[in-house]
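**Student:** Using the hints, position chain B with the ligand against chain A.
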Amino acid sequence: MNPTLLQIDSLDMFVVFTLAFLVILLLLMTMSRQEAKPRIVKPDIKTALICTSCGTKTIREFREGDYISKEADSEKCPRCGGPLVIDAIYTEQLPTKP
Amino acid sequence: MRVMLGNLVLQFDEGFGMFLNAFYILLFAILIFYGQRIQFHLSMMEMGGILKQLFFMASHARKTSLDEIKKYSDDPNIEEKMDRLLNSFVIFPESMDPAGIVKKVEHIMNVREARFLEDVRRMITKEIDESRLWNYSNMLEATLVLNLIYKVIEHYYLLAKKTKNFFLMAQLQMIVPLIFNEAKSYLLAIEAFRLGTPIGDTIGPYVVHKLLNDGKTEIIEKKTDYTKDTDLYIAERNNRRIYVIKARGPGGNVGKPGEAIKKVLSRAKKSNEKIAGIIMIDAALKLEGEKTGTVAEGVGAAIGGIGVEKFKIEEAATKYSVPLYAIIIKQSIAEAISTMKKEIVDSTSEVIRRIDRILNNELEEGSVVIAGIGNTIGVP
Ligand SMILES: [Zn+2]
Numbered sequence: 396m397n398p399t400l401l402q403i404d405s406l407d408m409f410v411v412f413t414l415a416f417l418v419i420l421l422l423l424m425t426m427s428r429q430e431a432k433p434r435i436v437k438p439d440i441k442t443a444l445i446c447t448s449c450g451t452k453t454i455r456e457f458r459e460g461d462y463i464s465k466e467a468d469s470e471k472c473p474r475c476g477g478p479l480v481i482d483a484i485y486t487e488q489l490p491t492k493p
Numbered sequence: 014m015r016v017m018l019g020n021l022v023l024q025f026d027e028g029f030g031m032f033l034n035a036f037y038i039l040l041f042a043i044l045i046f047y048g049q050r051i052q053f054h055l056s057m058m059e060m061g062g063i064l065k066q067l068f069f070m071a072s073h074a075r076k077t078s079l080d081e082i083k084k085y086s087d088d089p090n091i092e093e094k095m096d097r098l099l100n101s102f103v104i105f106p107e108s109m110d111p112a113g114i115v116k117k118v119e120h121i122m123n124v125r126e127a128r129f130l131e132d133v134r135r136m137i138t139k140e141i142d143e144s145r146l147w148n149y150s151n152m153l154e155a156t157l158v159l160n161l162i163y164k165v166i167e168h169y170y171l172l173a174k175k176t177k178n179f180f181l182m183a184q185l186q187m188i189v190p191l192i193f194n195e196a197k198s199y200l201l202a203i204e205a206f207r208l209g210t211p212i213g214d215t216i217g218p219y220v221v222h223k224l225l226n227d228g229k230t231e232i233i234e235k236k237t238d239y240t241k242d243t244d245l246y247i248a249e250r251n252n253r254r255i256y257v258i259k260a261r262g263p264g265g266n267v268g269k270p271g272e273a274i275k276k277v278l279s280r281a282k283k284s285n286e287k288i289a290g291i292i293m294i295d296a297a298l299k300l301e302g303e304k305t306g307t308v309a310e311g312v313g314a315a316i317g318g319i320g321v322e323k324f325k326i327e328e329a330a331t332k333y334s335v336p337l338y339a340i341i342i343k344q345s346i347a348e349a350i351s352t353m354k355k356e357i358v359d360s361t362s363e364v365i366r367r368i369d370r371i372l373n374n375e376l377e378e379g380s381v382v383i384a385g386i387g388n389t390i391g392v393p
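Chains as they are written, first to last, in the working numbering: chain A, 396 to 493; chain B, 14 to 393.
Just chain A, same shape as in the assembly (with noise of 0.2 Å):
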């Protein structure tokens, strides 16, 4: 006889389902265990500016204070060096998926 190979006496299939059915329950009731501690990630956030001379739009992070309309008078237009305008605040996705 192989002793490498399981070998199980045809009476005994009540060891195999038993042994199993233990190893079912233990996994489920693992598994129901949910973890504490969800991951609490910030949202990227985008200040889109356009320029009010010639138009063009420059992306840039957000940074508090920022809001629509607001002028932004540290910067220039890159292309024209006119005044910006904050034209939109947003984010590209949410950060946590369910």
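Heads up, a few of these hints could be off.
Looking from chain A toward chain B, a few residues come up when the C-beta cut is under 10 Å (computed) [to be verified]:
| id | residue |
| --- | --- |
| 1 | Val410 |
| 2 | Val418 |
| 3 | Thr442 |
| 4 | Cys446 |
Footprint (simulated), chain B over chain A, 3 or more residues, beta carbon under 8 Å [to be verified]:
| id | stretch |
| --- | --- |
| 5 | 450-460 |
| 6 | 481-488 |
List of simulated lysine-lysine pairs, BS3-like, C-alpha gap at most 30 Å [said to hold, decoys possible]:
| id | chain 1 | residue 1 | chain 2 | residue 2 |
| --- | --- | --- | --- | --- |
| 7 | A | Lys465 | B | Lys94 |
| 8 | B | Lys94 | A | Lys437 |
| 9 | B | Lys139 | A | Lys465 |
| 10 | B | Lys355 | A | Lys441 |
| 11 | A | Lys441 | B | Lys299 |
| 12 | A | Lys437 | B | Lys164 |
| 13 | A | Lys465 | B | Lys355 |
| 14 | B | Lys355 | A | Lys471 |
| 15 | A | Lys441 | B | Lys83 |
| 16 | A | Lys441 | B | Lys229 |
| 17 | B | Lys83 | A | Lys437 |
| 18 | B | Lys94 | A | Lys441 |
| 19 | B | Lys299 | A | Lys437 |
| 20 | B | Lys241 | A | Lys471 |
| 21 | B | Lys76 | A | Lys441 |
Just so you know, the hints here were simulated from the structure itself, not pulled from any lab data. Every residue gets a Cβ at the ideal spot worked out from N, C-alpha and C, and that includes glycine.
**Tutor:** Just chain B with the ligand, lined up with the frame of chain A:
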């Protein structure tokens, strides 16, 4: 009986086989009589895990809000004041005799809003600009909701546990995934209010702001605080007089658009001016299969909230028989209360195109009221 596992050989005698037989039958009996109880314990374990996560979220929200407010306050009792605010509640009026209940609800909500804002103001000791104060008030409201979600779920969990009620636990287990997602979106909302970025719900005010500033509209007059926290712009577009209504920004605020529409209509009536229609622009909840930022049109008062403003708009529109048009921008609840998504921003031009089409082709001669409904955070 012999069982061979690799090199391991297990040898059982007849007695053991019979014992297993008995054990197996016993197991069936246990499952039949105690199956539900086992299920109950499994559910309880799962709910316990989720409850822990909700607790973590609620306390994270509280800590974020507290840290943010501490930037503008050196009040030593700040935590106590904040917890008092986070545990505050509203008692709705009795509806057994519903006549006149809208007025009562409105009154209570006005008191609640004013008190909430003043409570936030009392927490601040340093100089702060008004719009940031409004944002903080919104932020604390979202924190309050998260706290409330946690407390309610905990209540049902403990109740089911105490009474060993399997069906209560099963009901909780069914509804919790939905509530859990909502709680997650409130966490994002807190972040948006903290930073003062526009949220998905801001699309209404954002569209009318763009409409006023796209170069095709000539603003004749701006009436700040036309009704409480709400601005009115009197303007000309496509050779038509338009009255544009939006909440006062850029602080987080929904204003009183219903009151404003009512006021515009009754004043127009007095001066014999014909109002040809009302166009309302608002964010609306999408169905799961719909794409974010889809624009749809219909009739009726497109406004959410507790119903007071909606009631006023419907009443005024009926009284003066003005047609009510609605344009909605679809989004999920999470998108509506967290920083505006690009798809929603991109729907703006489509909405303005539709407004122009209605103004040019669909309405009779006369002035038109255009109301951008929603929280105007980040949009002045
Ligand atoms: Zn330029």
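**Student:** Of the hints given before, which are not true for this structure?
**Tutor:** Per hint list: 2, 4, 7, 18, 20 violated.
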